[in-house]
Amino acid sequence: MHRLDELIESWKQRLASHEALRTGDVDELEEHLRCAVQRYQQDGLSIEDVFFLAEHNLGSPTQLGSEFSKSNVDYVWTQRITWMLIGFVLMSVAFRMVGFVGRIAFWTGMSVSLSPTLTAVGQNVLMAIVWSGLLYLLIRARHSDRGLRRLFRQGSRWSITTAILVVAAMLLLIEATNMASQVVMSRTVSVSTIGEYALANVIGGTVLQPLVIIASLVTAILLRRQSRCEAST
Amino acid sequence: MISKELIGASAKPLVLSVLAQGEDYGYSIIQRVRQLSEDQIEWTEGMLYPVLHRMEKEGLLVSSWQVSDSGRKRKYYRLSKTGAKSIAREQAQWIAVHNTLAKLWGIKPCTV
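Quick note, the sequences are listed as chains A and B, same order. For the first sequence, my numbering gives the first residue as 1, with consecutive numbering after it. For the second sequence, my numbering gives the first residue as 1001, with consecutive numbering after it.
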């Protein structure tokens, strides 16, 4: 009986990773599976064979997911919109954090009279480190907890899509923000310093940062694929 | 063996008619339909549940979680008033189709 519980538990996890299935649906399908197992056990088959037969007749998780998504349309879209919001909020928070670190680095560089080029390079390197740190936290969180792994499988498609949109929008805004901050700077530092800093920062800001962000998103997509593979085995 | 399309189309009247005999749960509904059809109607078992849920949303069925004899939680379905009324309509439609085909094939039409 213990072996059966293990098989059912792993089947439930595969099923629960599908976005269209609510907890109640999984419970109802589990009860069906157990009824079928009970029925097939009377034929004297092994637990594995009985389970395989019952699972086969019930339908694959993919089949079940696509059928349930038709009857749970409201639920599926509420979930998707929630994940899109989570993706938007997380990406916006990440952007703000990196921007904040960048500003601190800039004012520190200026206050200790570092050369503008060095300030811009230091600033961009620090920002890249923060992006990498956030990415590391994401990978660690995903590996640390089974529940989080399941959530990642469920919601990543929609949050990653939104995050990509946020990145695209932010990248379009970067130039405008850079120009605005340089107007502010022109009141406190000399024009030649701005010119040097701006050149270094434009190279860093428009080449290095987007590369790091794109690398982060690619990693997130790869992690998601890995989660899918884990789910199907 | 009955085609997938016909199985899909007949699911609603079959569920309504099984539940007209009293409340029941998914696995048992499937077994009863299989026995009554002499193994002609074989649903992919999991596909019945979205149908039940849709019918519940349409107000044809009412569901409740109960504890079965085995001590496990089980979801039972029964007909709502609307569901009970809709059986007559389903019956009229299916008999109309049956009788049309019966006339074409020269077999005996049926009456209610």
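Please keep in mind that the hints were generated in silico from the structure rather than gathered at the bench. Worth double-checking, as some hints may not be accurate.
Said to hold, decoys possible - Some chain A residues near chain B, calculated using beta-carbon distances under 7 Å: (1) H32; (2) S46; (3) E48; (4) D49; (5) F52; (6) E55; (7) H56; (8) L58; (9) L64; (10) F88; (11) A94.
Just so we're clear, the structure is a prediction, and the values are computed from it rather than from any experiment. Glycine included, every Cβ here is placed at the ideal spot set by N, Cα and C.
**Request:** Provide an ascending list of the numbers of those earlier hints which the structure does not satisfy.
**Result:** 2, 3, 4, 5, 6, 7, 10 and 11
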